[in-house]
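Number of protein chains: 2
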Amino acid sequence: MPDGRVSTEEAVLAAHAGDAWFAASLPEAVVFPESAEEVSALLKFASEKGVPVTPRGAGRGYVGGCVPARGGIAVSLMRMNRILEINREDGVAVAQPGVITGDLQDAVLAQGLFYPPDPASLRECSLGGNVATNAGGPRCLKYGVTRHYILGLQVVLMDGTIVRVGGRTHKNKMGLDLIGMFVGSEGLLGVVTEITVRLLPAPPASATLAASFAEATGAAAAVQAVLAHGFLPAAMEVADHFTLEAARAHLGADKVPPGNAHVILELDGQPASVRGEAASLAELLRKVGALTVKTATTPAESDAIWGLRRAFSGSLRATGLTKLNEDVTVPRSRLVDLFVLGGALQAKYGFPVACFGHAGDGNIHVNIMVDPNEPDTTTRMEAALDELFDHVVAWGGAISGEHGVGLAKKRWWLKAAPAELRRLTAMVKSALDPQSLLNPGKFV
Amino acid sequence: MPDGRVSTEEAVLAAHAGDAWFAASLPEAVVFPESAEEVSALLKFASEKGVPVTPRGAGRGYVGGCVPARGGIAVSLMRMNRILEINREDGVAVAQPGVITGDLQDAVLAQGLFYPPDPASLRECSLGGNVATNAGGPRCLKYGVTRHYILGLQVVLMDGTIVRVGGRTHKNKMGLDLIGMFVGSEGLLGVVTEITVRLLPAPPASATLAASFAEATGAAAAVQAVLAHGFLPAAMEVADHFTLEAARAHLGADKVPPGNAHVILELDGQPASVRGEAASLAELLRKVGALTVKTATTPAESDAIWGLRRAFSGSLRATGLTKLNEDVTVPRSRLVDLFVLGGALQAKYGFPVACFGHAGDGNIHVNIMVDPNEPDTTTRMEAALDELFDHVVAWGGAISGEHGVGLAKKRWWLKAAPAELRRLTAMVKSALDPQSLLNPGKFV
Numbered sequence: 007m008p009d010g011r012v013s014t015e016e017a018v019l020a021a022h023a024g025d026a027w028f029a030a031s032l033p034e035a036v037v038f039p040e041s042a043e044e045v046s047a048l049l050k051f052a053s054e055k056g057v058p059v060t061p062r063g064a065g066r067g068y069v070g071g072c073v074p075a076r077g078g079i080a081v082s083l084m085r086m087n088r089i090l091e092i093n094r095e096d097g098v099a100v101a102q103p104g105v106i107t108g109d110l111q112d113a114v115l116a117q118g119l120f121y122p123p124d125p126a127s128l129r130e131c132s133l134g135g136n137v138a139t140n141a142g143g144p145r146c147l148k149y150g151v152t153r154h155y156i157l158g159l160q161v162v163l164m165d166g167t168i169v170r171v172g173g174r175t176h177k178n179k180m181g182l183d184l185i186g187m188f189v190g191s192e193g194l195l196g197v198v199t200e201i202t203v204r205l206l207p208a209p210p211a212s213a214t215l216a217a218s219f220a221e222a223t224g225a226a227a228a229v230q231a232v233l234a235h236g237f238l239p240a241a242m243e244v245a246d247h248f249t250l251e252a253a254r255a256h257l258g259a260d261k262v263p264p265g266n267a268h269v270i271l272e273l274d275g276q277p278a279s280v281r282g283e284a285a286s287l288a289e290l291l292r293k294v295g296a297l298t299v300k301t302a303t304t305p306a307e308s309d310a311i312w313g314l315r316r317a318f319s320g321s322l323r324a325t326g327l328t329k330l331n332e333d334v335t336v337p338r339s340r341l342v343d344l345f346v347l348g349g350a351l352q353a354k355y356g357f358p359v360a361c362f363g364h365a366g367d368g369n370i371h372v373n374i375m376v377d378p379n380e381p382d383t384t385t386r387m388e389a390a391l392d393e394l395f396d397h398v399v400a401w402g403g404a405i406s407g408e409h410g411v412g413l414a415k416k417r418w419w420l421k422a423a424p425a426e427l428r429r430l431t432a433m434v435k436s437a438l439d440p441q442s443l444l445n446p447g448k449f450v
Numbered sequence: 007m008p009d010g011r012v013s014t015e016e017a018v019l020a021a022h023a024g025d026a027w028f029a030a031s032l033p034e035a036v037v038f039p040e041s042a043e044e045v046s047a048l049l050k051f052a053s054e055k056g057v058p059v060t061p062r063g064a065g066r067g068y069v070g071g072c073v074p075a076r077g078g079i080a081v082s083l084m085r086m087n088r089i090l091e092i093n094r095e096d097g098v099a100v101a102q103p104g105v106i107t108g109d110l111q112d113a114v115l116a117q118g119l120f121y122p123p124d125p126a127s128l129r130e131c132s133l134g135g136n137v138a139t140n141a142g143g144p145r146c147l148k149y150g151v152t153r154h155y156i157l158g159l160q161v162v163l164m165d166g167t168i169v170r171v172g173g174r175t176h177k178n179k180m181g182l183d184l185i186g187m188f189v190g191s192e193g194l195l196g197v198v199t200e201i202t203v204r205l206l207p208a209p210p211a212s213a214t215l216a217a218s219f220a221e222a223t224g225a226a227a228a229v230q231a232v233l234a235h236g237f238l239p240a241a242m243e244v245a246d247h248f249t250l251e252a253a254r255a256h257l258g259a260d261k262v263p264p265g266n267a268h269v270i271l272e273l274d275g276q277p278a279s280v281r282g283e284a285a286s287l288a289e290l291l292r293k294v295g296a297l298t299v300k301t302a303t304t305p306a307e308s309d310a311i312w313g314l315r316r317a318f319s320g321s322l323r324a325t326g327l328t329k330l331n332e333d334v335t336v337p338r339s340r341l342v343d344l345f346v347l348g349g350a351l352q353a354k355y356g357f358p359v360a361c362f363g364h365a366g367d368g369n370i371h372v373n374i375m376v377d378p379n380e381p382d383t384t385t386r387m388e389a390a391l392d393e394l395f396d397h398v399v400a401w402g403g404a405i406s407g408e409h410g411v412g413l414a415k416k417r418w419w420l421k422a423a424p425a426e427l428r429r430l431t432a433m434v435k436s437a438l439d440p441q442s443l444l445n446p447g448k449f450v
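Order-wise, the sequence lines are chains A and B.
Numbering (the working numbering) for the first sequence: 7 to 450.
Numbering (the working numbering) for the second sequence: 7 to 450.
Simulated from the structure, these hints should not be mistaken for laboratory data.
Do not take every clue at face value.
[Claimed, not checked] Looking from chain B toward chain A, a few residues come up when the C-beta cut is under 7 angstroms (computed): (1) ARG174; (2) MET180; (3) ALA208; (4) ASP367; (5) GLY368; (6) GLY402; (7) GLY403.
For glycine and all other residues, C-beta sits at the position ideal for the given N, C-alpha and C.
Let's have the full structure, built from the sequences with the hints guiding it.
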């Protein structure tokens with residue numbers, strides 16, 4: 007390793023011990039490679055010495071996915087942060103994993119292009135981290151998740167092999183889908199050192215609608231009605247009674263629309279189409295019982311609506327409690343059941359529970375608000391989470407829609423994944439990392 | 007196996023020896039399982055006895071992907087042909103692999119839902135075959151390939167294990183993307199026995215535009231202009247000079263628009279939006295130099311435009327020659343280069359070469375028309391294909407966009423995939439099928 011790539015300073019180790027979740031575990035060294043060749047040399051060394059290696063991007067994950075649970079080497083990809091190419095004719099960008107997702111979006115937008123994945127942390131998270139977690143966001147309803155935009159990867163395997171999978175074409179059926187195998191693999195199968203993404207034409211116009219409803223059932227019915235009329239909005243977000251109450255307490259009741267449920271819709275496309283569809287949707291929302299409907303067609307108006315959405319997390323944090331953000335996904339028909347369950351958990355365990363998120367694809371963030379200083383918090387919290395995940399699994403849902411399993415959901419992965427699935431997962435893992443040195447201690 | 011599941015009749019063996027490509031190899035037996043449990047028993051038996059097993063759907067593939075190259079057992083999934091569920095609220099359908107893709111589309115459309123993947127053979131091919139090849143079609147530009155619509159699979163592994171991967175939620179980040187690993191794996195990793203697909207709201211309206219251009223450069227410029235104006239049509243198809251000439255010879259010159267290149271655009275969405283956007287696009291196409299522009303807004307008019315597109319293959323076959331349909335994909339900026347190459351190959355090797363296909367994602371079917379009765383056809387053909395694939399690889403393209411590798415492209419897979427990629431592919435294959443009994447003799 008060239009000079010300046012390795013640190014064992016206490017502060018550096020501490021800064022690379024965890025992510026946005028609470029668990030942390032100190033690495034013995036942090037390495038900051040600046041090329042695929044350096045990553046290769048590092049992994050070869052680690053393989054020979056049997057040293058655990060935990061790759062990480064910007065450390066903005068929510069599940070402790072990059073916690074070096076068995077110590078060893080933490081590999082920060084954040085110095086590999088160059089956008090290598092933006093090609094308008096091909097609809098392609100090539101970037102290193104340390105590029106901040108929002109910076110890539112801005113850079114391609116400046117050329118009239120669009121990179122749709124929009125995790126909430128897009129101003130802080132890295133593209134490599136997005137690949138590791140197959141990151142989502144509100145726009146997934148229409149545009150899909152990170153996987154759908156990754157055309158090619160350069161990956162370093164644990165034995166040091168540098169391999170390119172996929173390419174730069176928008177369609178590719180050459181061999182197995184090894185891109186899919188790496189995207190979302192949470193650093194368990196290899197270290198991604200270069201990413202080629204698919205870009206769409208930037209939609210020239212957008213509009214945002216906000217509607218409030220007396221009850222969650224009304225909001226869920228509105229979601230179904232929008233789809234039944236053949237609309238596929240870019241985003242369709244919902245917030246429940248508990249979330250709105252927290253926002254009222256924090257921001258003032260006048261800043262939050264009336265009712266016990268709130269829906270945000272985003273449309274994008276050609277200007278005249280967006281205008282017309284926004285008007286039709288507003289009418290439809292009123293017809294299915296919305297108490298209020300607001301349509302925003304300028305960026306400032308849209309930003310005000312999304313601003314309320316973004317303030318939900320802050321409102322919850324303003325309670326002084328610790329927010330356990332469980333990104334469960336349920337079949338769309340179970341939205342109301344999930345809200346009802348949130349209320350039942352609140353009543354039973356005494357924690358405030360707030361549900362909001364991506365209604366269109368059933369990916370609802372269930373936020374259980376706990377006070378870690380209370381003596382029996384851990385026991386009650388685990389019981390509440392057990393009950394939540396048991397329901398989600400019984401409904402045919404998924405314990406994670408976009409954050410991943412990491413350490414946070416390891417316990418429930420064991421419940422949600424039958425033995426055959428866990429064994430198949432282990433077969434793939436051990437084929438690529440037979441010593442289990444890459445990000446060890448996680449769900450496989 | 008229950009009675010009636012196994013056949014060794016000569017005619018049955020012959021009917022399961024190949025697909026729509028020319029190569030064939032007789033299996034020793036054909037098995038027609040009717041449940042996952044029967045598939046499991048069969049694979050367990052084959053594993054114990056070391057017998058090759060080649061799964062197959064409707065046998066409509068173009069690359070000999072389901073040819074039982076090493077004999078053994080051909081497994082037809084065509085008796086597992088039930089649609090098990092269509093759930094409108096969840097936006098989900100569950101089907102067995104033997105369901106004909108077009109039948110699934112019709113059944114969901116009757117409930118206002120939309121299954122976008124549209125391989126040209128959709129009236130004959132099976133959903134299981136589509137999963138095996140990650141099938142595409144014209145609509146991939148806007149809607150993506152089969153992979154993007156598969157939420158869950160039931161798969162039988164070679165050791166007989168029945169495992170479920172994914173589920174029925176539209177977003178799912180639970181563990182590794184094992185769905186992606188199986189989709190497009192050409193029957194090399196497991197046998198798919200149940201498929202859960204994501205459904206979209208059916209777009210209530212559509213429109214089709216056809217434009218002719220003096221030269222291919224004009225058509226390619228039009229494709230770029232459409233995208234540069236922020237349009238993302240459902241489909242954007244192109245045909246070259248050679249294709250149009252064949253159609254003129256076969257259908258009569260008056261049935262084919264003037265010029266040496268032809269573009270078809272499809273729009274879908276809300277009725278007023280589609281109308282407005284079709285008018286804008288027609289204007290844009292004229293502005294960038296279209297000789298003629300036709301806009302179809304009724305199903306009959308649209309069908310007439312697509313009818314010409316569908317007639318291209320027949321026109322080429324009407325020459326009496328054998329059509330080698332190579333579904334290469336090039337970066338979008340290389341469209342004109344590919345057409346020029348087609349002309350150069352025609353001049354050099356004396357075969358008619360016709361290029362048409364999915365311009366929006368660079369997936370162009372290069373049809374080399376050969377007369378197998380001429381003595382030196384094989385040598386010349388292989389030389390022409392070598393030259394084609396060499397260029398495609400040098401341009402950063404892919405040797406297959408939607409048909410797969412199978413037997414037909416095995417020779418060029420070895421050229422296009424570097425040793426590291428082939429080794430990684432083999433690592434995954436041998437983890438799941440250590441005796442290499444599943445669809446052996448193919449690209450891995």
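To see whether the hints hold, each was checked on the structure:
For ARG174 of chain B, the interface hint holds, the least distance from its beta-carbon to any beta-carbon of chain A being 5 angstroms, beneath 7 angstroms. Because the closest C-beta pair between MET180 of chain B and chain A is about 5 angstroms apart, less than 7 angstroms, the hint holds. A least Cβ separation of about 6 angstroms between ALA208 of chain B and chain A falls short of the 7 angstroms threshold, and the interface hint therefore holds. Taking 7 angstroms as the C-beta contact cut-off toward chain A, the hint placing ASP367 of chain B at the interface holds, the least distance being around 4 angstroms.
A least Cβ separation of about 5 angstroms between GLY368 of chain B and chain A falls short of the 7 angstroms threshold, and the interface hint therefore holds. Annotation: interface hint on GLY402 of chain B holds; nearest CB of chain A at approximately 5 angstroms, less than 7 angstroms. Because the beta carbon of GLY403 of chain B sits about 6 angstroms from the nearest beta carbon in chain A, less than 7 angstroms, this interface hint is met.
Of the numbered hints stated above, none is contradicted by the structure.
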